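> Residue-level listing of the chains:
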Amino acid sequence: MEFKILGRDEKKKIIEYFRNFYDLEEKFIKEIMSMQLFASGKEKIRIYSGALDLANIPKIQKEIVVSNAGLYLIKNENGYTRLSFDGATMFGKYARKNVVVLSEEQVEDLFLGYTLLFEEEQKKGLDKGFIILKEPRHKEILGVGLFNGNELLNYLPKERRISSFEYHKIPGQK
Amino acid sequence: MYEMKKEFKERIEKQIGKRDAEKFFDTFKQRTRKAFRVNTIKANSEDIKERIKERGWKFRQIPGLNGAFIIDTELNPGELGKTIEHNIGGYYIQEITSMLPALALNPQENEKVLDLCAAPGSKTTQIAALMNNKGILFANEVRKDRVNILSTNLERCGVANTIVTNSDGLRICKFFRENKYLFDKILVDAPCSGEGTIMNDPSILRTWNPNMIKKFSRIQKGLIESAFNTLVVGGTLVYSTCTLEVEEDEEVIQYLIDKFPKQIKVEKISLPLKSRSGLKEWDNKKFDKEILNCAKFWPQDNGSEGFFIARIRKIE
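Protein sequence lines correspond, in order, to chains E and G. Residues 1 to 174 (the working numbering) make up the first sequence, in order. Residues 1 to 316 (the working numbering) make up the second sequence, in order.
Extracted from the complex, chain E is given alone in its bound form (with noise of 0.2 Å):
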């Protein structure tokens, strides 16, 4: 695994990115400036939050493999700046702009895998960029999708991805 450990300067780029597009709380901007970020790979930045110099990690890998560290917290891609599913789930409740409530059947289209049509309702307010997603019953983050103005495309990770789920067919709810 590469390990290229983030300097304050790239770090707080980062930030400043999810501060303005998420309009992100201080406690967010708080809890990960403690944190050390690294970059795995071209596109993908990871966050660790154990006590561990990653300074060292260089040195340990010399004999011994390290295939994984931290949380995959972002990638960039095609301009934009991805929050990963798990990275959502972590720190999309400090987020105050750029989130959308889908309805429970948008909820399962998105477990299915299908792009989202937006009701216009749904699209005041919301950039086009990554924006982040929540079910309507307990607000339980789900991630992320890219808004093109229009409709929202999934990244729900196959691996999330549900083939058979049926948000309606709970006891005791419509």
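Simulated from the structure, these hints should not be mistaken for lab results. Each hint should be verified, as a subset may be incorrect.
[Stated by the list, open to error] Computed cross-link-like contacts, DSSO-like style, restricted to lysine-lysine with a CA-CA straight-line distance of at most 30 Å:
id	chain 1	residue 1	chain 2	residue 2
1	E	Lys134	G	Lys53
2	E	Lys97	E	Lys30
3	E	Lys62	E	Lys97
4	G	Lys174	E	Lys4
5	E	Lys158	E	Lys62
6	E	Lys44	E	Lys27
7	E	Lys139	G	Lys134
8	G	Lys144	E	Lys75
Since we're looking at a predicted model, the values are computed, not measured.
Assemble the complex: chain E is given as a structure, and chain G must be docked to it using the hints.
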């Protein structure tokens, strides 16, 4: 249902007596109840409890085992893994007894912890949660194909304090020692013959053979010795298996006592399920009295998979 081998039956009867052995064999006809542990990195027990109620599932909780739920409703295959809560890492499907080694280890957020045989990650994710996603946690797995599932589970549970390594257990311990990097706590959840899991995996009855036990016992002794040498003085090692074979359980702890007689204390552990003490003797070999402090969890006592747990402190 696979047929029980004669030698397997005799060994169990020799260990716990014919009557109790029958109760153990009877468990092979059942499956354990589905259970899970709330992942406190991403969720809290009260919320998850509400969601289970919404689904109309009947459940039980065990006093002292916070965040553990046993689902009594008969679910469809895979149903517990198809909920939104599972998908986003709100809980981890895990046998109740499998939650105990991490509790015995009792990791703290400012400690250095090594999970030596970590895949698929049930205990690593639990340890990370107990450490509040802080401190230093190395999760090692020797098999490359199992590192992927370990990493996937860590991601799903939002674990961010962990370094995942893919190395032979002896080799990585040697590496840490040579670099004077010792751990406060080490979990050796050792590879084993797995007979505690027959309820959920009856094929163990088919593959069981005495040579396998000898082979695992040899591997386990190597791992526990190497791990013990990688502990700080005052540090804690938890050794666990999901087998009930004496050569893989009590005998491994006896091996460590024989190797380091003045450096070891096997601590008595109090865990929230019914357990039995380690044996006093086996095959005309008497064990050290400290072996009595080990805990053995039999399926017929708890309706969950069998487990063996020993907590060892390095005192010198």
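> Assess, step by step, whether the Cα of Lys97/E is no farther than 30 Å from the Cα of Lys30/E, and give holds or violated.
holds, 18 Å
> Given the hinted pair Lys62/E and Lys97/E, is their Cα-Cα distance within 30 Å?
violated, 44 Å
> Taking 30 Å as the top limit, are the C-alpha atoms of Lys44/E and Lys27/E close enough?
holds, 24 Å
> Would the pair Lys134/E and Lys53/G pass a check requiring their Cα atoms to be no farther apart than 30 Å?
Satisfied, since the Cα-Cα distance of roughly 21 Å is no more than 30 Å.
> Mind checking the alpha carbons of Lys158/E and Lys62/E for me, to see if they're no more than 30 Å apart?
violated, 33 Å
> Hint check: Lys174/G vs Lys4/E, CA-CA at most 30 Å. Holds or violated?
Holds - the C-alpha atoms of Lys4/E and Lys174/G are around 26 Å apart, at most 30 Å.
> Are the Cα positions of Lys144/G and Lys75/E separated by 30 Å at most?
Given that 30 Å is the threshold and the Cα spacing comes to 25 Å, the pair holds.
> Would the hint linking Lys139/E and Lys134/G be met if the CA-CA limit is 30 Å?
holds, 27 Å
Checked against the numbered hints given earlier, the structure breaks hints 3, 5 and satisfies all the rest.
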